[in-house]
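Peer 1: Take a look at the letters that make up each chain.
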Amino acid sequence: MELLKSLCQVHAPSGNEAALKDFLLTYIREQSPRWQVQPEIIEGPEWQDCLMLVFGEPRTAIFAHMDSVGFTVRYDNKLVPIGGPDAKTGYRLVGRDTQGEIEATLVADEEGQILCVDFPRLIDRGTELVFKADFRESPTHVQCCYLDNRLGVWSALQVAETLEHGVICFSCWEEHGGGSVSYLVRYLWERFHIRQALVSDITWVTEGVKPGKGVVISLRDQRIPRRSFLERVVSEASQTGVPYQLEVEEWGGSDGKEIQASPYPIDWCFIGAPEENVHSPHERVHRDDIEAMVALYRALMRHL
Amino acid sequence: MELLKSLCQVHAPSGNEAALKDFLLTYIREQSPRWQVQPEIIEGPEWQDCLMLVFGEPRTAIFAHMDSVGFTVRYDNKLVPIGGPDAKTGYRLVGRDTQGEIEATLVADEEGQILCVDFPRLIDRGTELVFKADFRESPTHVQCCYLDNRLGVWSALQVAETLEHGVICFSCWEEHGGGSVSYLVRYLWERFHIRQALVSDITWVTEGVKPGKGVVISLRDQRIPRRSFLERVVSEASQTGVPYQLEVEEWGGSDGKEIQASPYPIDWCFIGAPEENVHSPHERVHRDDIEAMVALYRALMRHL
Amino acid sequence: MELLKSLCQVHAPSGNEAALKDFLLTYIREQSPRWQVQPEIIEGPEWQDCLMLVFGEPRTAIFAHMDSVGFTVRYDNKLVPIGGPDAKTGYRLVGRDTQGEIEATLVADEEGQILCVDFPRLIDRGTELVFKADFRESPTHVQCCYLDNRLGVWSALQVAETLEHGVICFSCWEEHGGGSVSYLVRYLWERFHIRQALVSDITWVTEGVKPGKGVVISLRDQRIPRRSFLERVVSEASQTGVPYQLEVEEWGGSDGKEIQASPYPIDWCFIGAPEENVHSPHERVHRDDIEAMVALYRALMRHL
Chain G
1 MELLKSLCQV HAPSGNEAAL KDFLLTYIRE QSPRWQVQPE IIEGPEWQDC
51 LMLVFGEPRT AIFAHMDSVG FTVRYDNKLV PIGGPDAKTG YRLVGRDTQG
101 EIEATLVADE EGQILCVDFP RLIDRGTELV FKADFRESPT HVQCCYLDNR
151 LGVWSALQVA ETLEHGVICF SCWEEHGGGS VSYLVRYLWE RFHIRQALVS
201 DITWVTEGVK PGKGVVISLR DQRIPRRSFL ERVVSEASQT GVPYQLEVEE
251 WGGSDGKEIQ ASPYPIDWCF IGAPEENVHS PHERVHRDDI EAMVALYRAL
301 MRHL
Chain L
1 MELLKSLCQV HAPSGNEAAL KDFLLTYIRE QSPRWQVQPE IIEGPEWQDC
51 LMLVFGEPRT AIFAHMDSVG FTVRYDNKLV PIGGPDAKTG YRLVGRDTQG
101 EIEATLVADE EGQILCVDFP RLIDRGTELV FKADFRESPT HVQCCYLDNR
151 LGVWSALQVA ETLEHGVICF SCWEEHGGGS VSYLVRYLWE RFHIRQALVS
201 DITWVTEGVK PGKGVVISLR DQRIPRRSFL ERVVSEASQT GVPYQLEVEE
251 WGGSDGKEIQ ASPYPIDWCF IGAPEENVHS PHERVHRDDI EAMVALYRAL
301 MRHL
Chain P
1 MELLKSLCQV HAPSGNEAAL KDFLLTYIRE QSPRWQVQPE IIEGPEWQDC
51 LMLVFGEPRT AIFAHMDSVG FTVRYDNKLV PIGGPDAKTG YRLVGRDTQG
101 EIEATLVADE EGQILCVDFP RLIDRGTELV FKADFRESPT HVQCCYLDNR
151 LGVWSALQVA ETLEHGVICF SCWEEHGGGS VSYLVRYLWE RFHIRQALVS
201 DITWVTEGVK PGKGVVISLR DQRIPRRSFL ERVVSEASQT GVPYQLEVEE
251 WGGSDGKEIQ ASPYPIDWCF IGAPEENVHS PHERVHRDDI EAMVALYRAL
301 MRHL
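Top to bottom, those sequences are chains G, L and P. The first sequence runs 1 to 304 under the working numbering. The second sequence runs 1 to 304 under the working numbering. The third sequence runs 1 to 304 under the working numbering.
Don't take each hint at face value.
[As the list claims (entries may be wrong)] Listed below are several chain P residues computed to face chain G (Cβ distance under 7 Å; list not exhaustive):
#1 Leu219
#2 Arg220
#3 Ile224
#4 Arg227
#5 Leu246
#6 Pro263
#7 Tyr264
[As the list claims (entries may be wrong)] Quick partial rundown of chain P residues pointing at chain L, CB under 8 Å, derived from the structure:
#8 Ser14
#9 Ala18
#10 Ile82
#11 His176
#12 Ser182
Hints are computed from structural coordinates only; laboratory data are not their basis. Even glycine gets a Cβ: it sits at the ideal position worked out from N, Cα and C.
Start from the sequences and build out the full structure, keeping to the hints where you can.
Peer 2: As structure tokens, then:
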């Protein structure tokens, strides 16, 4: 879990994913010689801070978003949220501005609406603050901020080791309105006519989805994927022996939302481990669900 | 009205329009030999569950969405809505899961927020339930669930009989966030440079729009179409002698919303009969307005 | 300021920008012979009511929206808003319908929710009404309705005079859901591979942004631009000597929102003067901020 721990400590709130992209690029260049298939690496100025790995002759793309929730410093050390972070007084926040490193304490009113940061000097406008990473492991769980979605990224990297055919897309802005998936999808459609996408992301523990009971296949959230594709995914999953749970939600979104809205006919399905304490410094995921997530992706990328 | 009655009974909530597409394909293959022009039929895996008919040299496209509102079964026979269905205790719902056919009763709290289904066994997660069709005819009206938008589909099929130049697009997901119109529009733009679209859908009876007073031409809803196109549509309509009413709404949307947001410069206008009891099992439309709808589409597809 | 005064008097609510486009086209054809570089003028039926000017070999595009907020007449002289206009009883509104010119008074309830117009006859459904322009100048300020965004348009025309390389896009529907930027962006990407955009628009005076303190560079609003592009913009701005202020907002949007959502990887930044009395007949901007806006655009279009 050293890789996951490192991933959780990279500063990469929505809009500033460059450091995570660089981290991944270094990792991939070091590790990929040992992978079963050498991927084509697609990145550069025309891709903003996104990164894609193309293996063999792809039919299916994995989307794993790199960005995290956090806060932007407004005026007088007030904060506005990036995405939907949990905001409780006492959370430790870190960042950096022109005067140096910042480690400070979040202060929120009762409703969690008015937010500011307790710090002895004025922080530069526009500085991004993120939760301070405190990576914890137990025999059954891992816990840290930003398992959503460093764990989705980590899982995709495990899948990369043995992937023969497929694309892995590391995307940006998922937590805050999107903005990269539609052009990644355009490229995948125009070059490969890819029509299948799996969203490698982390979901919520709810009354229907329990920790340790398997990876989650989401049948819907605020968007509804095409039924026939879901049925193929579930049918393949049921033949793998990997433990999985079916989720049905009214709310919540993912890169799938942008895939669906894009001017390309791409089917998608959200598949990922469930977590407790969503978007807080204490996101917690069961190890069995992580294992199931990697195993299910390996199988689906072969059989879909 | 046998065709309309049959259309209203097909199970096709947003995301699972396949059965309606298959129904239409069968109908079109049987009937189109008697049509004035034989359309090119566009469908297949690259079109998800959409279907397009291309007649002659098209300048204008008709969009008629196939999907309906409904409910997804969550956990413990609780329900989450697909689109915005009217939800009242006692409504009959139908569907099918791995254990067989389901006919059950909706139970809603006072605010219509907490929804569940009264059924003697646990229904599979993700099962879709729709209103049970009860098609009613009177000398002046037709009444059933899902006139929105099986009537828009039906009207497009009447127009098809004599259509010389144009495209008819049967689209998906309109009731729940969209997802097909933008790629249909891309194709129509890239192949035909089509710049005009009419949205064949059903709207609301309001204080300004009365049953039996004619087909509705909508000047705006939550989106505002381009004024100069609206003026051409109204000008053409006024020369037909077909009774029509002008609608101005602040809310409500249609496939037009997705046409406008697409990266293609397509003008659009919503034209359709008004209904009472929107999104309930008792949607009701005046026969005169249905007749006017078909007549106006026939004229506009010739003259625009 | 005669040009700005004239621009403020053109009737061009969202969806009906044709008159402003025609005004601009006439102005540009008259004035451009004196500009440093003769632009290619892109307009016509394939561009709806948009207009683009291409100078030299463009790397960066300026987006200035032509449309304004306003009101659509519904039934019985009731009104629904176009965009988010300030709505207070007594505001003078103007428009035109089939029976002639209209000048009338807005009547709003306490909450500004129920709106109607006091006028001695029934106004045609769908008629657009806008604030009556009352252009006021003082030694320090200009004041009128629709400085947002006639001032952004005006500033772009000043920049045009000396622009060597770049595109100026006059866009539509910005105040009401968008609909033109994504196809303009598609064209700019496909023809020029343009990856940089500046949004020439007007923002709000707030506790962190003061009148007369310089043009505003927005670090975020409801959307978050890519950090590395913002840093380049601010770095270039800091070398110009032009006074500027950094803005950080949670809400508010612009053409930047549509640029980001488009299927093209375009960086963007909102840059514009701040105003008081937003979306009212009394929008007010400091002359120094206008001067700074033009100066900063001139510098950035050279150096980005």
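Peer 1: Now tell me, hint by hint, if it's right for this structure.
Peer 2: A quick look at each hint next to the structure:
1. Checking Leu219 of chain P against chain G by beta carbon gives a least distance of about 4 Å; that is within 7 Å, so the hint holds.
2. Checking Arg220 of chain P against chain G by beta carbon gives a least distance of about 6 Å; that is within 7 Å, so the hint holds.
3. Annotation: interface hint on Ile224 of chain P holds; nearest CB of chain G at approximately 4 Å, less than 7 Å.
4. Of the supplied interface hints, the one on Arg227 of chain P holds, with its beta-carbon coming within about 4 Å of a beta-carbon of chain G, less than 7 Å.
5. For Leu246 of chain P, the interface hint holds, the least distance from its beta-carbon to any beta-carbon of chain G being 5 Å, beneath 7 Å.
6. Because the beta carbon of Pro263 of chain P sits about 4 Å from the nearest beta carbon in chain G, less than 7 Å, this interface hint is met.
7. Taking 7 Å as the C-beta cut-off, the interface hint given for Tyr264 of chain P holds, the closest approach to chain G being about 6 Å.
8. Contact between Ser14 of chain P and chain L, as hinted, is supported at the beta carbon level, the nearest pair being about 6 Å apart and thus within 8 Å.
9. The criterion of a C-beta within 8 Å of any C-beta in chain L is met by Ala18 of chain P, whose closest approach is roughly 6 Å, and the hint holds.
10. Below 8 Å, beta-carbon pairs count as interface contacts, and Ile82 of chain P has one with chain L at about 7 Å; its hint therefore holds.
11. Taking 8 Å as the C-beta cut-off, the interface hint given for His176 of chain P holds, the closest approach to chain L being about 5 Å.
12. With 8 Å as the threshold, the beta carbon of Ser182 of chain P comes within range of chain L, its nearest partner Cβ sitting at about 4 Å, so the hint holds.
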